[in-house]
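**Q** Since chain V is already given, all that's left is putting chain H with the ligand on it; use the hints.
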Amino acid sequence: MIKGYAGRLLEVDLSTKKFSFEPLDEETARLYIGGKGYGTRLLYDRTEAGVDPLGPANPLIFSTGPLNGSVAPQSNRFAVVTKSPLTGGIGNATCGGSFALGMKKAGIDVLVVSGRSERPVRIEVDGDGNHVEFLDAADLWGKGTYETQELLGKKKNHAVIGPAGENEVLFAGIVSNERIAGRTGVGAVMGSKKLKAVSVWGSRKLDMEDEDKFKAYTKEVRAIFKDHPVLGESMKRFGTAGIVNTTNGRNILPTRNFQKGHFDDAMKISGEWMEENDLKGVKTSCIHCPVTCGRDVEVEGKGRVKGPEYETLALMGSNLEIGDLKKVSEWNYHADDLGMDTISLGGTLGFAMELGERGMLDTKLHFGDPAGVTELIQDIAHRRGLGADLADGSRRMSEKLGGREFAPHVKGLELSAYDPRGSFAQGLEYATTNRGGCHVQGASMYLESVGPLTINPRNLKLKAELPIVQQNLACTINSMVLCIFTTYGIVPKQIHEMDPNSWKYRALAGALENSGPLFRWVQSIKGSPLLWFEKWLTMITGTKFSSGHLQEIGGRIFNLERMFNLREGLTAADDNLPDRILHEPIFSDTTSGHPLDQLLPSYYKKRGWSADGVPTKRTLDKLKVAV
Amino acid sequence: MPVHVEVTYDMSKQLGTHRLELSGNTVGEIVDAVRARFADDPDVFEKLTAQTAVAVNGLLVRHGDRLETKLADGDRVSFVKAAAGG
Ligand code: SF4
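As they're listed, the protein sequences go chains V and H.
What the first sequence shows, in the numbering used here, is residues 108 to 734, in sequence order.
What the second sequence shows, in the numbering used here, is residues 116 to 201, in sequence order.
Each hint should be verified, as a subset may be incorrect.
Calculated cross-link-like contacts (lysine-lysine; reagent style BS3-like; alpha-carbon spacing at most 30 angstroms) [claimed, not checked]:
| no. | chain 1 | residue 1 | chain 2 | residue 2 |
| --- | --- | --- | --- | --- |
| 1 | V | Lys333 | H | Lys162 |
| 2 | V | Lys390 | H | Lys162 |
| 3 | H | Lys128 | V | Lys568 |
| 4 | H | Lys185 | V | Lys433 |
| 5 | H | Lys162 | V | Lys387 |
| 6 | H | Lys128 | V | Lys387 |
| 7 | V | Lys433 | V | Lys390 |
Hints listed in this document are in silico derivations from the structure and should not be mistaken for laboratory results.
Excised from the complex, chain V in its bound form (with noise of 0.2 angstroms):
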């Protein structure tokens, strides 16, 4: 078996409560690295099209890396791989905590869970004795995931879910330490398997081709973390918080379901305001990351609690107008407790508070008022009155209650917190992004909006080529699995120093906006590695990867996931954006929104697609793609 990785894969049946340890295929590993890459290509061969993703033949697929269980910076994160009930297309999630170290410990890459058990069930895997044990969890259902958590005690790694995903909330998710595997209802499948945890232990060690090699480098980077102004600064300072006020200056943050993108308590939900006001945050982090982005903040009746963090604030406060990070941050442990993916909920209770201004939805809520939201947080958890509907996301909403042109997904999932009227390749991003509207599956608006160098946002200039450099490179982030926050750090320390008022950052900026051949050059290097991902990867492995190959992988990911959607039946008309984006303005310069029929054609044509999305043979080819 290639470095890096263990060299099994655990298959757990719970219709028939059998498991086997099967050896992990090392081409696999080869072409689609681990995490989300594997993850995909196993829920690709082993479901016919139309799966139903709440039925006991859409397989749950828990995947690491090869980078999982080292202590790179950003390195412990697993996958979550399945298919979405909440699009009916890809579903996928990564996640922080302690599971993905739990699960190389235990000396397993991947655990694919099939079947359904009759009753609650929890499953445990001692990795040293080879075991795997089946057990009641019906005393566990119904509590809360940090409850949970508590009581199968801090020794082992937990993976488990809340009400919402007993309840099979569409966007439910799986929680584990504070952290929580959100997007597209992984949590939904996991609880329409009934099974509430997967604990995983052992005391194996990774495997490295070059382990030395590794420690010192490793060192260096620390270095160059600490020492930078996001990874280092304005990351540690103020968490991922700390672009609330940027988003809001540059008029994308999502204010009043999609409505506005600026909100004028902005500061109150930002950052520097948790930093210095009541809430005094304190830093958190994922195990063996510096960068320590999570807050700790103190919430009434609960003491010290994870603290909200970016999407969260937009989507749960500006979003619903509301400026109080308190109130935020207690809807915000609700959530992560009872299990459930805040920016959908928070785009759905947007969307919700819309319909009810418009007197299309019988609710006493209301934009800026908080009232009632804390009740019918736990009233969707438990699809209870008006939660039952909200459980399902805004999509299934429009369709039932009205409002499709303000509703705020794409594909089915609700969008991330940058508005892509004031970010035109995020916009191209989210509407191709396969598992629907998000922001780290690729994540343009840095080099659009809130980096220290920033593109025009709103000519079509790089529109095409930057999606798709970030989608690629998103893919193998999230195969490795590492956290897409180490993208950040590409852009120097040097170019954050730059004052940027003066020529030669305009000079920069500018010739940025040209580098189309540049980033086409990024997509073809196969020299010797240069980031510290790349570098990592090929001293653990002992393959060489540069960004080449990590385009070139990423790529293929990106395509199987492509035709995996395809034959789920999804087509390039759910390659769209929310007409509300489309063509309402938000910027005063402008009668439109976003132009996304004037990029999509370069972008499927950049893509190797054909005019209607369709990977064509000759691209699937090349990237050896087999389908």
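**A** Positioned in the frame of chain V, the structure of chain H with the ligand alone reads:
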């Protein structure tokens, strides 16, 4: 021309507020009006704005660049940090 001005958090700590109502016909005049609030210690203003840009109604205007950018009644001028992660 009355405009709404939003400053960064670090600037607001000095000014005691993060939102100001100021008058000016161009971005340059607004930048000068904010600078005037730091008259006692101009270095502080330079330090606090070294890594910021200015946006008018959400559109970036590098303030050393297009100080002559015209403003309209009720425009929003925001000082934004040049880089943040989220
Ligand atoms: S940057 Fe934040 S989310 Fe990413 S690994 Fe570090 S602590 Fe976890």
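**Q** Just to be careful, I want the Cα atoms of lysine 128 of chain H and lysine 387 of chain V compared with a cutoff of 30 angstroms; is the pair within it?
**A** 16 angstroms, holds
**Q** Assess, step by step, whether the Cα of lysine 128 of chain H is no farther than 30 angstroms from the Cα of lysine 568 of chain V, and give holds or violated.
**A** 38 angstroms, violated
**Q** Within a Cα-Cα threshold of 30 angstroms, do lysine 185 of chain H and lysine 433 of chain V meet the stated pairing?
**A** Violated, at roughly 39 angstroms.
**Q** Taking only the CA atoms, is the gap from lysine 333 of chain V to lysine 162 of chain H under or equal to 30 angstroms?
**A** It holds: about 22 angstroms lies between the C-alpha atoms, which stays within 30 angstroms.
**Q** Decide if the proposed pair is consistent with the structure: lysine 390 of chain V and lysine 162 of chain H, CA atoms, cutoff 30 angstroms inclusive.
**A** Between lysine 390 of chain V and lysine 162 of chain H the Cα gap is close to 27 angstroms, so the pair holds against 30 angstroms.
**Q** Hinted pair, alpha-carbon criterion (30 angstroms max): lysine 433 of chain V, lysine 390 of chain V. Please report holds or violated.
**A** 17 angstroms, holds
**Q** Would the hint linking lysine 162 of chain H and lysine 387 of chain V be met if the CA-CA limit is 30 angstroms?
**A** 25 angstroms, holds
Hint compliance for this structure: hints 3 and 4 are not met, and every other hint is.
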